[in-house]
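A.B. asks: Chain by chain, the residues:
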Amino acid sequence: MNTSQTGTRQTGTRQTGTRQTGTRQTGAPRTGASDTGAASGGRAADGPWIGRALPRVEDERLLRGHGRYVDDIRLPGTLEAAFLRSPHAHARITRIETDAARAMPGVRAVWTAADIAGLAPVVNEAELRVPEPLRRELDPLVRSLPHPLLADGRVRFSGQPVAMVVAESRYLAEDALEAIEVDYTPLPVVVDPDEALLPGAPLIEESWGDNLALEAATSVGDPDAAFAGAAVVIEEEFRAHRHVASPIETRAVQAAPGAYDGRLTVWSNTQTPHRLRDHLAQTLGTAAEAVHVVAVDVGGGFGQKGIIYVEEVLVPYAARQLGVPVLWREDRNENLTAASHAREQVHRIALAADADGTLRGLRDDFVVNFGAGTFTGLVVPYNSVVHLLGPYRVPNVDIRVRAALTHTAPTSPYRGAGRPEAVFAMERALDRLARELGMEPVALRARNLITPGELPYRTGLLDRSGNPQEYDSGDFPQLLRRAEEMADLPAVRERQAALAAAGSDHRIGVGFAVYLEATGLGPFESARASVLSDGRVRIALGTPSQGQGHRTSMAQIAADAIGVPFSAVEVVGGDTDTVPYGVGTIASRALVTAGNATHLAGRRLRERILAAASARLGVPATELTLDGDAVEHHPTGVRAGLAQLVAEGHELSETAHFHPPGFTFAGGAGVVVVDVDTATGEVTLDTCAMAHDAGRIVNPVIAHGQIAGGVAQGIAGALYEEMRYGPDGQPVTTTYMDYLVPTSAEVPDLELAEITTPSTLNALGVKGLGEGGAIAPQAAIANAVEDALAPFGVVVRRGPLTPDRVRGLLREATGTTAPATV
Amino acid sequence: MKPGPFDYIAPAALPEALRLLSDTERDGKVLAGGQSLIPMLNMRLARPELLVDITRIPELDRLGVDADGALRIGASVRQSTVAADPAVRAGWPLLAAAVERIGHPQIRNRGTVCGSLVHHDPAAELPAVALALDARFTVARAGGSRTVPAGDFFRGTFTTDVEPEEIVTEAVVPPLRAGTGWAFRELAQRRGDFAAVGLAVLLRADGAAVGSARLVYCGVGGTPVRVPEAEQALVGREFGAASRSDAARAVGAVLDPPGDVHASARWRREAAEVLLARALTEAWERTT
Amino acid sequence: MNVGTGPRRAQQPPLPEPTAWHEVSLTVNGEPVAAQVESRLLLSDLLRQRLGLTGTHVGCEHGVCGACTVLMDGVPVRSCLTLAVQAAGADVRTVEGLAGDGEPLGPVQRAFHEQHGMQCGFCTPGFVMTCTALTGRAERPDEETVADELSGHLCRCTGYQNIRAAVRQALDESFGPQEAE
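If you're matching them up, the sequences are chains G, P and S in order. Note that the UniProt record's numbering gives residue 796 to position 796 of the first sequence, counting from 1, and the numbers run on in steps of one. Note that the UniProt record's numbering gives residue 82 to position 82 of the second sequence, counting from 1, and the numbers run on in steps of one. Note that the UniProt record's numbering gives residue 12 to position 12 of the third sequence, counting from 1, and the numbers run on in steps of one.
Hints were generated in silico from the structure; no laboratory data involved. Take these hints with a grain of salt, some might be off.
Rough simulated footprint, nothing fancy, chain S against chain P, three-plus residues with beta-carbon under 8 Å [stated by the list, open to error]:
#1 5-16
#2 30-40
#3 230-239
Chain P is nowhere near these chain S residues, computed Cβ spacing over 12 Å in every case [stated by the list, open to error]:
#4 A20
#5 H62
#6 D73
#7 G100
#8 L105
#9 T135
#10 R140
Note that CB positions come from ideal geometry on N, CA and C, so glycine has one too.
Bound-form chain G, shown alone:
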């Protein structure tokens, strides 16, 4: 049976029932024997599986080295692809000569744009779609720039693929790349998004006439009046800098034409396998079901693998043309220069407030750097729009966003996807306002937080789907209080004063950032629950895992829904043959959408099992209980095994789709205490803490791991990582020597507090939490550094806060050049 159900939306009742289950979490989450004993597969006699800190079932295989990432799957005779990439940011290609390369040892084929003229360029259509209500209400400009599979006459960013070589090994393929001759005529370049929007800027797409890829504007209330009548107005420019997802496993795709079934099997580490399947089928001119996409064992994605890339189309194409398996595994240099970048936004933000700090209005006019393409349309820009206000009551709002094309690598969502950028602008602006008002920043925040009694709360904006944006549940004041406690604010202020009085080189500062995150993006997700021949249950999902532990958490959900032991459930995600359609693991949506689909499918499967057993045993279903791998009729003790029922021809499978009725809001408050060495500019994190609320927690160990990992990426962006370009469009940070992913030595332990306000928008009460950890740190750290350096008059307007940049800020603010040297 294939049915569909929409979750219930409890808009009528106010959700105020915050359960304070908050356990203060310091150090690594413990997984004591009492928690894990049941993992061996006993009954859930001591309550539901959901909520238990079970260790992950996916670990053992990976720990033995038996994972199968794409590059590990090398079928016999697999050829390897390598790409010749543009060394120029913008140039005309006047000649490509591949004869010498074709004659190189081991080379099977070389393709240039001329050889694939019939193949459609890549357009990430699903991501570029504008929801109808948004189109109706805001009428945004959303332009699409198709990505040619190989540069056709012109290159638009350094790193763009120009030619593809397929050879008997990567070594030989790279040898052949060196033998390809390309003549380029360099053209003018623009890398800065503001400059790109100026008249006369070099054009990325000449036919457009300008570089404006997207524009949207929205307003709430009467912002002009609010600003005119406000006691205080602050205006600032804040820049979120470009950095990248940088999963340790780079992109990879292997394609094998099927010798016996004629299908094309594609192993890709994509986050959206069904979208890739459909895209490949369309481009290659074949039926969707003739393409089988498998995305298992993926080494991190963080959004970078959530879009369709030209290489993902070219490699399957090559395999089909040559009739043999072809593999491409991106190298780190390619990943840093040619996989999507993220985060770069320039905000011009203004806040209007009463003298007591009550917010009257917000204005923000911001520009997103799209790079040389339109990977995702509104996704990141509009995400920033709808996350700017965060947990605060802002009655009057005026926001405009524009996106600019530039001669840099195209950008796409990266963990947080527009939220860290918006939160950076808003939370920095709040600290500037607090400074202006002479208020403790935490007090300013507390004054403006939406209270639980006001929920559900409508901001007046439209959400990403075009519906009125509504915060469903939460307790934002409590999040902030918990963060404040963890920082021990009075003690910090005391130490701060003492260091200042002593004239120390070292200064400390505290910074907060509070955020909300709309999670559980629709339109739907699917789950198929089936009893297998051995009586075990398989859950097949449209959502692959890139390390989030779905095999464990989804099995916990299924075990509860069906009433079988956790150990009897196996989970398959990311294989397009197992469910007809899925959207994918992006946008903090898998737990909400696939989790609830699993719950629905499990509940229905339970009914189906009981009905089958009822028919088989000739007793009423109401007298039956599921007990391990069998159904038992208690009054008589007769049993029907699940394996037996399947073997006797009972159809024991159910597919369910969950269509979320709206976004459910997770949230958090981050706080850091930093130590700044004013002599060297070095910033050290003394305290790094987060209070978060992601609704009902399915597996605390996994959930805390997700938060901690997100926070680490936020710290990375705040202090270390920047993807830099020269003014000529040449990428500068193209290796791990220059692009500084932090090590264990740079990332401190995270202190975590948790509150739980269950989602009112789905039966499980869960909210997404994959991205949350990454949202606050950049703002919190910037706020803390500014707080530490406030006596010098420093204002932080962008990251990363490297020693060099911090010293620059101090020099600029104090007008002195010499550092303290004693």
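Start from chain G and add chains P and S according to the hints.
C.D. replies: Just chains P and S now, with coordinates in the frame of chain G:
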């Protein structure tokens, strides 16, 4: 990111290795630990035709103290071996401390001390330390060998006095005079990275005054940079805030560091002054 | 089934290679291996592509990320910065060698599992090999040494906290609980 093609030979004796390198038909390059060379091969920034692996030559694997009390480090001795060696730790603590700042342990388990010196990345720790310690190098070529003092060895970024057909067979580090204080400090954004600025300090006390001083930076020029002006600001004066800040001022006036992706020239100059003040104090505390 | 007893023969390279070839013998996970390799073949590729030991991962190929770390003669090294031919005569251990089929996980592997010191699992074998070398030392390495060794690996998923906890657990198991400082 795979190396281009090359031949590889691992001779068992030095003369054979030297003969291979003197073959003008082929562009040969010495391979020891490979921790600097192989990344360049993988990125195809280096394209030798022949790699001569010298790690199978027994005589180059020696580490020990000679009759003059000097430390002799053979060409294939790994960095981790040097850092862990009790004699090195006792007699050449500056060297041991600097080696422990090279990359990560997994790199030092393969990388060699001599290899790092010959590679001469200007941000690397060892060239500065070699200069501070007055090390000298035995440079062999077919038919002979010569000795090059550290002061003449480092010519420019990735360039030394060693010719393509030559092999540095050992680094010789004279003994430190008893009572010498030392410090090695560096600033890098991540643990294990090359120093944005690094500094090796040797100090001798003469009562409350500084008897002698040696200050050598890495990361601030194409070669390790010794700053005699700052040394002079210290020597013969009572050690204290005044002489330290004079020395720092001299550093600020003399250094002309480069700016790059990791740090601006200006930051490097400032940081060099801060490092100096801090390293001097540390080194002074170690004088006896 | 007749199980062979001679050295295992690596799969012949399937390609014409414009450079010199070498016959190398080494030990991999206790098993003698003879392989014909081209000069430029990286040890990581010998292990992964010729010997099928794909548990050793490749993340950057310039020695920073540490995913490719294996033990060579007992110490952790980057297999992406080691030529296969340089490994001639060496004793190489990979993650596959830590617990045999049917055997329970080794103490280091178990610690990463129990402390949730892993998410996507891609960097994990490298961390596990470095940690294995630490637990195999004669005496417990100090905190500074452990921190130094761990900094030779990048993890993008965990934020490192649980990795540090896993390493502590493994060290506690090898050397007894650490004395309070």
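A.B. asks: May I ask you to check that A20/S keeps its beta-carbon over 12 Å from the closest beta-carbon of chain P?
C.D. replies: violated (4 Å)
A.B. asks: Verify the coverage statement for the region 30-40 of chain P against chain S, using a C-beta to C-beta distance below 8 Å and requiring 3 or more qualifying residues.
C.D. replies: holds (count 5)
A.B. asks: Any Cβ of chain P at or closer than 12 Å to R140/S, or is the non-interface label fine?
C.D. replies: holds (16 Å)
A.B. asks: Three residues or more, CB to CB closer than 8 Å: is that satisfied between the region 230-239 of chain P and chain S?
C.D. replies: violated (count 0)
A.B. asks: Does T135/S sit more than 12 Å from chain P, CB to CB?
C.D. replies: T135/S clear of chain P: closest Cβ-Cβ about 15 Å, beyond 12 Å.
A.B. asks: Can we confirm that no CB of chain P comes within 12 Å of the CB of H62/S?
C.D. replies: H62/S not clear of chain P: closest Cβ-Cβ about 4 Å, inside 12 Å.
A.B. asks: Are 3 or more residues of the region 5-16 of chain P near chain S, judged by a Cβ distance of less than 8 Å?
C.D. replies: Since 5 is at least three, the answer is holds.
A.B. asks: Would the non-interface assignment of L105/S survive a Cβ cutoff of 12 Å against chain P?
C.D. replies: holds (23 Å)
A.B. asks: Is the Cβ of G100/S more than 12 Å away from each Cβ in chain P?
C.D. replies: holds (25 Å)
A.B. asks: Minimum C-beta separation from D73/S to chain P exceeding 12 Å: can you confirm that?
C.D. replies: Non-interface label on D73/S violated, nearest chain P Cβ at 9 Å vs cutoff 12 Å.
Of the hints listed earlier, those the structure fails to meet are numbers 3, 4, 5, 6, in rising order.
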